[in-house]
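Quick note: the sequence shown uses the working numbering, first residue 32, plus one each step.
Misleading hints may appear alongside valid ones.
[Unchecked claim] Only pairs whose alpha carbons sit at most 25 Å apart, straight line, appear in this in silico DMTMM-like list of lysine to aspartate or glutamate: (1) Lys255 <-> Glu352; (2) Lys68 <-> Asp79; (3) Lys329 <-> Asp192; (4) Lys358 <-> Glu449; (5) Lys255 <-> Glu300; (6) Lys244 <-> Asp422; (7) Lys358 <-> Asp192; (8) Lys112 <-> Asp128; (9) Lys189 <-> Glu300; (10) Lys338 <-> Asp195.
[Stated by the list, open to error] Label-pair restraints from in silico Cβ distances: (11) Tyr247 <-> Ser125: 48 to 58 Å; (12) Pro316 <-> Lys430: 31 to 41 Å; (13) Glu451 <-> Val251: 47 to 57 Å.
If you are wondering where the hints come from, they were derived from the structure by calculation, not from laboratory data. Every residue gets a Cβ at the ideal spot worked out from N, C-alpha and C, and that includes glycine.
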Amino acid sequence: MQAVESNINVNNSTLLQQIAKFTEGLSPYHSKMLRDKVLQRNVLTICDYIESLKHEVNLSDSYRGSVIILLARLSIFFNNKKSFRDITRKDLLSFLDSFRKPSDPLHRWIGTYNTFRVHFMRFFKWLYYPNIDYKIRPKPSQFENIPQIKRKEVSIYKPADLWDPEDDALFLKYCPSSRDRCYHAMARDSACRPHELLMLRILDVHFKIAPDKTQYAEIVVNGKTGTRSIPLINCIPYVKDWINQHPQPNPNSILLTGFGKSLGKIIKEKSLNEIYGNYKQHFFPKLLDNNSVLSEDKHQIRNLLNKPWNPYIIRHSALTEKSGILKEHYLRQYAGWSPRSQMHLKYLHYFGREAGESILEAHGIVTKDNTQSGVLKNKQCPNCNEPNKPDSRFCSKCKMVLTYDAYNETLEMQQEKESEVKQLQEKYEEDIKVMREEMNQQFSQIMSMIQQNPKLAQIKPEVLSKKM
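From just these sequences and the hints, can you work out the full model?
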């Protein structure tokens with residue numbers, strides 16, 4: 032077994048040159064970590080490994096940076112007292128097991144564990160078999176019986192945690208930000224992962240018209256399993272509303288851009304979580320003391336505040352709804368799951384009560400309702416086919432009346448305007464009548480004065496009127 036030998040008898044300037052060479056284009060953090068926190072022998076090994084990777088794969092800056100961080104952490108874990116060649120299988124297991132977090136309900140530690148395992152597998156294959164083609168390098172003894180951990184596809188959410196369409200409609204009704212309304216409506220409509228939506232640009236939203244003149248849109252998102260096309264239907268009014276107010280109305284601009292110093296930048300998932308957290312902890316609780324909020328809405332807000340508020344609960348809620356509509360293979364494609372993924376099993380327990388409901392239905396105790404809630408369905412204008420928000424009373428495009436209440440309101444406004452015009456007309460006619468009477472009276476007085484004194488006929492009438 033031939034191992035890679037790193038020359039440790041090098042002067043400091045040579046080491047710094049190596050670090051500068053292999054961290055070029057990366058953040059200063061990478062070079063600082065290698066320079067100050069990693070055993071010199073291991074630093075040189077990392078540099079040799081990166082040099083080899085350049086000839087084996089299409090080495091991106093992102094991958095190169097990840098390699099440096101992962102291997103540096105491995106060296107630091109053993110207090111820089113072990114070179115990479117001295118690390119045993121027990122050592123590797125000790126390091127990987129440090130990521131186990133049974134208390135993590137999202138099982139994110141499993142993804143971290145498996146990521147490190149893949150990187151270390153490739154690294155140690157190179158370390159012990161550098162002269163063998165990378166495609167056929169054998170597994171070193173350090174990696175015997177260290178399998179990839181399978182993630183348990185069990186949801187951390189209970190059925191009561193899911194947002195129903197009425198909850199989403201309530202959020203969209205009171206949310207003050209058109210950008211946040213746009214994200215929430217798109218997330219509910221598409222069931223996309225947060226980062227898939229956050230990376231979209233304005234030009235990625237393609238508006239289309241069906242043969243029956245119904246308007247819809249399509250987005251192409253880039254997920255874990257590649258790109259996929261997702262239709263947008265109910266969220267179109269919110270998307271258009273935000274695009275019309277976008278601070279950078281450029282097709283290449285990030286659709287859901289940040290504000291202030293983050294204008295034009297992609298919002299991070301952490302920031303998105305904070306946005307939802309702020310709505311739950313501060314904004315919506317204040318609505319409970321707002322006299323303008325309907326009492327039934329306040330009751331629904333109290334119930335909603337007991338549920339989780341984060342981007343993933345919106346995805347889970349949307350996928351749960353669509354899992355009752357789409358067949359398994361379509362659901363996999365729609366959600367962006369791999370063909371072997373068992374993620375769809377996560378949603379089966381949400382329908383665990385269907386068997387009991389079927390028995391109640393068979394006995395006529397309950398009636399099955401196959402219709403979907405229309406509370407989020409957009410309202411299509413019969414005049415121009417423009418999709419509008421569910422609570423819209425007038426078309427946002429042609430201003431046509433969309434509801435009976437709006438029709439009555441428009442009719443009342445028209446009647447009020449006609450009444451005002453009639454009152455103005457009557458007042459105008461009355462004023463004209465008074466003016467004529469005053470002028471006739473004034474004229475009679477002037478003529479009387481002239482008859483009494485003919486010399487006054489040579490004086491201008493306006494002068495006589497002032498003397499009257």
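Are Lys338 and Asp195 close enough, with their CA atoms no more than 25 Å apart?
Holds, because 11 Å separates the two Cα atoms, which is no more than 25 Å.
Regarding Glu451 and Val251, is the given constraint of 47 to 57 Å on their beta-carbon distance met?
Since Glu451 and Val251 have Cβ atoms about 53 Å apart, the given range 47 to 57 Å holds.
Does Asp128 lie within 25 Å of Lys112 when you go C-alpha to C-alpha?
Satisfied, since the Cα-Cα distance of roughly 19 Å is no more than 25 Å.
Given the hinted pair Lys244 and Asp422, is their alpha-carbon gap at most 25 Å?
holds (21 Å)
For a C-alpha distance cap of 25 Å, please report whether Lys255 and Glu300 respect it.
holds (16 Å)
Holds or violated: Lys358 and Glu449, Cα atoms, limit 25 Å.
Distance of about 58 Å is beyond 25 Å: violated.
For the pair supplied as a hint, Lys358 and Asp192, confirm whether the alpha-carbon distance does not exceed 25 Å.
Roughly 24 Å separates the two Cα atoms, so the pair holds.
Do the Cβ positions of Pro316 and Lys430 conform to the proposed distance bound of 31 to 41 Å?
Cβ of Pro316 to Cβ of Lys430: about 36 Å, so the range 31 to 41 Å holds.
Lys68 and Asp79: Cα distance at most 25 Å?
Holds. Lys68 to Asp79 sits at ~18 Å (cutoff 25 Å).
Compare the distance between the alpha carbons of Lys255 and Glu352 with 25 Å, and conclude whether the hinted pair is satisfied.
It holds: about 22 Å lies between the C-alpha atoms, which stays within 25 Å.
The hint says 48 to 58 Å between Tyr247 and Ser125; measuring C-beta to C-beta, is that right?
holds (54 Å)
Measure nothing beyond the straight line between the CA atoms of Lys329 and Asp192; if it is 25 Å or shorter, mark the hint as holding.
holds (18 Å)
Of the numbered hints stated above, the single one contradicted by the structure is hint 4.
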